[in-house]
Structures are given as structure tokens and as C-alpha cells.
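S.K.: So the chains spell out like this:
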Amino acid sequence: MVLLVPALLGLAFLTLPLAGLVIRAPWGTMPQRLAEPEVLDALRLSVVTATAATGLCLLLGIPLAWLLARVDFRGKGLVRALVTVPLVLPPVVGGVALLLVFGRNGLVGAPLHEAFGVSLPFTTAGVVAAMAFVAMPFLVVSVEGALRGADVRYEEAAATLGAGRWSVFIHVTIPLVAPGIAAGAVLCWARALGEFGATITFAGNFPGRTQTMPLAVYLALETDLEAAIVLSLILLAVSVTVLACLRDRWTATP
Amino acid sequence: MRTIAAGTAAAALLALSACGSSADGTEDGEVGGTVTVFAAASLTETFTEIGEDFEEADPGVEVEFSFAGSSSLAAQINQGAPADVFASANPANMDKVVEAGNAEDPETFARNQLVIAVPEGNPDGVTGLADLADPALKVALCAEEVPCGAAAQTALDAAGVALTPVTYETDVKATLAKLTLGEVDAALVYRTDVAAAIASDGGVEGVEFPESAEAVNDYVLAVVNDAPNRATAEAFAAYLRSDAALAVLTAAGFQAP
Amino acid sequence: MKPADPILDARLVAERGDFRLDLPLRVDAGETVALLGPNGAGKTTALRSLAGLHGLSEGHATLAGRDLDRPAERRERVWVAPERRGIGVVFQDYLLFPHLTALDNVAFGPRRRGVGRARARQVAADWLARVGLADFAFRKPRELSGGQAQRVALARALAVEPTLLLLDEPLAALDARTRLDTRAELHRHLERHDGAAVLVTHDPVDALVLADRLIVVEDGAVVQEGDAETVTARPRTDYVARLVGLNLYRGRAEGHSVRLDDGTVLTADDAIDGDAFAAFAPSAVALHADRPEGSPRNVWEATVAGVHRHGDNLRVQLDGPLRAAADVTPGAAAQLGLVSGMRVWAAVKAAEIRAYPA
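Residue numbers (this note's numbering), protein chains in the order written: chain Y, 1 to 254; chain L, 1001 to 1257; chain X, 2001 to 2358.
No lab work stands behind these hints: they were computed from the structure. Note that the Cβ used here is the ideal one computed from N, Cα and C, for glycine as well. Hints may be right or wrong, so weigh each one.
Some chain X residues judged to face chain Y by a derived CB distance under 8 Å, without partners named [as the list claims (entries may be wrong)]:
no., residue
1, 2051
2, 2082
3, 2087
4, 2088
5, 2089
6, 2091
7, 2095
8, 2099
9, 2108
10, 2109
11, 2113
12, 2119
13, 2160
With the hints as constraints, model all of the structure from the sequences given.
M.R.: Take a look at the structure:
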């Protein structure tokens, strides 16, 4: 009972701003606004890039989590702290940092640009990179926790049955920590979907190519508050729907 | 304590200050205490300097600034933020405040023009807007929703140049940052931004172009109707039109109104 | 390889802090050996080092003529990873993969060894049928009872046709009733298994029923080895004596007399000389209120230290010159009026005492 009051206060604190958006939304003109091609472009781009960023995070983040959870090496504490840096770094700073590395004159970007003529900034791939940068820690932290909690004896059992390390990882470790991976991926996707600072800084803003929903919302705020509210509600509706569906399906026990 | 200089200006305005509840312990109508100025982000350097001069002229006064995008500031004032003075980077955002009945009779106190910012030494030999249409050149513009973007579009239209930039940035500083970071070859920004970048050795230079005259950006100022410290607000507004303040503004690349 | 050679030939040396395991182990094809010992004796460490989950610090492990692990002796260490050892393991709590069905758990081994999916499932289905679980193929482990899970674990280990089968406390997690059935079932499968099997247990019944040969391990070393009959009849440590329920004493024998360390002399029918053990069953001890007359050769006065139920009888702990356990019927106990602290006379016939060299 003692906990109920702060719990309800917390809930109100989190949901009232949402109610504010719903109340202020221009419901009368909603259908016309939804049909605008810019809106659909930004929404499509947001969903595609957030999903791609989550894929990239899974590809790189799961092995990284495995390294942190299962391999002993010097300076592990430092590495773990570095992994969480994007969590505390202001995203705009993250975007600048990405430019310094992957930009046209960046440490990695410059040779890449010279050799292949490719350049990440101002491209959709750049959006994915910016999203992955800020969202990956969520996945790594979540999966590392799951790996620490998983019983390594299952992996030993798999080894005695003839599974090599890779095979054990794919057929036993991953399924065992699947709920942790799913939870991490959901958080990762949500973070990527809402990503603004690193994206605008690293990938810029070009409709259809790098203008994601949060960027569209921000620019709409400059001129048309109602448009901004509509865009925000669409973003919210899509993310809440996706998260609700995935959470139930993925985090159910195997 | 009031100096003569500030006192003169204040005396002239004393009669004008009608109402206003003082939140700073000063008597109604007397210059002194804290004055809160909401100013466009592009005024950060100049207003900070002018504010210091103003404080020096009248030790009883303290100026507090809130620098942000003009539209954010306008929204804040309309939501009741305790601002004394609003300095907007364009008339449109000031109009929102005036329409909401929160300010009256804004006045233009400075103008800003666009220039083409290029890396120092102008490696691509840009001489005018038409050169920016070269597809090999990466150009950053402000988004049309923000003042510098609207001005850029007006100038481009005037020049009859169709231009596809690589990005429409959300504000002018971000637009220039893309250039200083070397990610674009040119950017359309305000002359003041280039001046500030040169002052801090940003490795850029500005290329003037005739069409910028078509897209002059007016900086407008008004005392907020519900100003907590109206007398001092009026004094600050008056000081902005002094020669001393104008000198600071022009040194930063602004033009007199 | 000559037929006489054991299929598993190992000397398992492993160190873990102060603890050192040094266990010679030779097992023939078709033979089941039980490693019996108290908790912490090093049995599981031995099993893990055979499975390749734990490297040896010395010694060697050779299976069917192939070195699996041979540290130090040669220039390069010989080491075969667990997945290439051809050893099947049944773990104590089975460790069935929770995300796979019973069928896929059993098919896991064949699949990892390159058998196609359909064929592996066929093999798995055959094995499940053999352990009587054909109807449970599509159950997840959490939907199986303890006994069923144990049988799936056995099928999974056998499905890779291991040269050596290792079982770590295979029945420890089961309740008494299930244990009885599962033990019989396991015995049947072990008899059919052509390869060698090593069973780790702290339960003497499991060891006696399932194994052809017992190796008793205490504190990392072998204390006794032999078939069930020898070990049960002639225990050589207090641990084994307790396990098989015998009173065991150590002393020096001269003919029919064994003089114990405290000076007591026991008389046995067996005649030997030198260091010796003397053992008798609690049921061989008769208790009397007065000094008995007649034939018993071993009679001494003792104090009752405690009485508790033991099966249908009462087990009496005796203190005195000779600490011993005695089993009496409830009727006899009532007649004697047994209570803690009372003095009684204990008697054992010479024919009931076994004396054997230490």
C-alpha cells in the first residue's frame, strides 16, 4: 500500500504528457494529414532504419555481450564502461564523434571515401549507423545480463554431444538467452525509433533519405504545432503497437 | 546606483512604464534588478557582450539571457515564461507573440544577410549561387521551416537557381558545423555566423552574393507585456539602439536596420 | 588392440586448490564401473576430466587406443576437445535443452555429428522408443516428469553411440519410487551398451545394482576396488563399512585372534596373520542383560548410546571398549528395556566375524 501512491504518481507522470498530446491533437484534420506523402515517407524511413539498426546491433552486440559475459581479459571493466558510453553521451555529441570517425574527413571515413567513393553522412546508411551507435548499449547490457544468468552446463552438455563452439553458441547459447535478446532488441528498436540528436548531426536531414519521424516532428514544431502533434502521435502509435506485440511474443518463456 | 548614461535612457522611459509587477525588489518604474532577455540563438555572442556593457553602465542591473531558437522562445513566452524582453531572429516568430497579445509594436534592431560559407581558401572557387548547383558539390542548407532556410529559399528563387542540398539542417549553427567538420563543400548561412567562425579560427570564409539582398532577415525586439521588470526591460531595449550596441552588432556582421 | 586391453585407460590427476585427485581408471568394453564415494571425493571432477570439460594436470586419458588428454609428458600436450571425444554424458540434473522437444534433444548429438535432419530425427525417435518414450517425442523438457527426463537424457547420450558413457549421479534427482523403476531400466540399457560406462554415485545401491565393478574414492584417491561382493563383504574404510552397513575394525591378526588398536581382541573363524580388518554385521550382535553363558567367543560389556528405528528392527549404538552398531527386534528391545545409558552385554559368534588382510 505504501508503494501504491508513488507507483500511481509515477504512472501519471509518464502518461499525462501522452494524454496532453492526445487532447491537443487536431482530430478533425487527422485523415488529410496522415495521407500526406512526407508523413508516410518519414514513417517508412523511421521503421526501416530502426529495424536495420536493430539488426546491426544484434549482429555486433550479441558477440560483444558474449565477450563481456564469458571471456576473461584484462581491462574488462573498462571495456564494459566504454560500451555504455553512448548511454550517457548526449546524442548530438555522439553524432559529432561519428562524423569525426566516419565522416568524409574522418579517421575511417576518409580512406573509405578515397578507396570506394562511399561516404556515410547524409545517407540512409548513416541514419542506421547513428541509431545503432546510441541503441547498441541497450542490447549489449540486456544480453550480457542474460548470458551471465544462463547455466553454462547446458553448453558443456552440448559440447559432449559433439557441438563445436560455434555450434554451441548458435544452437544452445542463443536459444537459452533468447528472452534477454528479445528484450534487448525491443529496447534497442524503441531507442532507435526515437533517435534524434545523433541522426541529425551525423546523417543530416533530407526528406525520404535521412528525415526520420523525430526530425520531421522537430521541424514541424518550428512552423506548425498541430502537425508536430500528429506526427508524434503516429510515431507513438506505431511504436506502442510494435512493442506490445513483440514483447508478448518474444519474452514468453520458450 | 545609476550612472548618468543609463539614467537618461531610463528617465525617458519611466513615463512609459505603466504597470508591471516587480519581482526583483525594485520599485515600480525604477531601473535596476534583474532583467530577463529571451534572445535568438544567433545573438548569443553579441547579446552577451552588449549585456555586459549594459551592466557595466548601470551596476544595479543584472541581465540574464535565455538563448534558444526563436520559435521555442516564442512558444515559451506564450506559455507564460517570465521574460522581460524578446529578441527574435525573424518577424514571424515575433508575430506569434504579438498575436497572442503578449507584446506590442516590435522594432527591427538589426538585419542579417546570407553568405555562402566555404572552406578557407575557397578550394572549389565558388563565386555565386549558380556555382552551388554543381552536382559534385555537397551543399548544406537550413530547413525551410527555420528562418535561415526560408531566407535561403528566397535567395535561390531570386537567383533562379535550383539546388538539391545533401541536407536541410534544423538551425544555422548546425548548417555551418557541417562545413567546419568538412562534410559539405558549401553552406548558406548568415554573415554573422561566418564572422563568428572566422573569429574563432573556424577555417571558413564567406562569399557574398547579390541575391542575398532579396532575403534580408530582420531581427526584431519587443518588451513583453507582462514583463516582471518592465522599466529595466525598456532601458535595455533603448540601449540596444545606442551606438555602442550597434558597434558590437556590426562588428559581428549584422547590419544596421 | 588385443582383446585383453581395457578400452578406457586413464590416470586422472586434477588439482583444485588444496584438493588433488589421482585416480587410475581402466574399464573394459561392455563393462560398467561405478565411482563410489562421499561428496567432494573428486568423483565428478574425474568424470568431467574424462568428458573434456576439465583438463588433466598430470596423467593421461586414452580411449580405444586414442589419447584424449596427455599433459606434460611429451613436448606438445595432446588434447581432444569434448565435442570430438566420442563420449556420451548423462548429467546429474540431465541438462535437457529447454528450448527443444524431447525428440530434438535426442537428435541434437547426431545432428551435430553431421547426420541430416530427417535421419537424425529417425535415430532419435528409435532411441525414444527404446527408452519407452515414443509418445513423448514432442514434449518440451518442462513437460516431462523426472523419470522421463532421465530417460530422455540417457537416450540423448546413447544416440551418439559413444565408446564411453559417463553417468553423473543419474538417479539422484528422482524420488524413491521412480528411482526403483528407473534404476532397473538403466541397468537394462547399460547391459546392452557395447562401450564402456563409468557411473558416479554416492548411493551404494545404485553402484551395486548398476556396476560390474566398484571403485571407492575418498579424498581424491582410490581406497577400495572390486566387484560388489568383495566390497560389500570386506570393506576397507569406515565410509565403505557405513555404506554397506558393517561394523569395521582394524588391528593385527595372529591366527584366529585380531587384536585391535585399543587392546580388545576379536576372535574369528578365519585364520590370518599380520595387519587385518575385522568386520561383522549389526544383526550378528546379540544383546543380553546379563553375561551370556555358552558358545559365543566374543563377549563384552557395553553402554547403550542411542536407539533408533532401522527398517523393521531397532539399531542400537553401543559405546564401551568396542563402538559398534547392533540390530535387535522390537520385541527383544522391549524385553531388555533398552534405554540410553544402560549397561548391556554384547555377544558375537566367531563365525559371524570376517577377518581379512589390511
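S.K.: Go through the numbered hints given earlier and state which of them the structure violates, listing their numbers in rising order.
M.R.: 12
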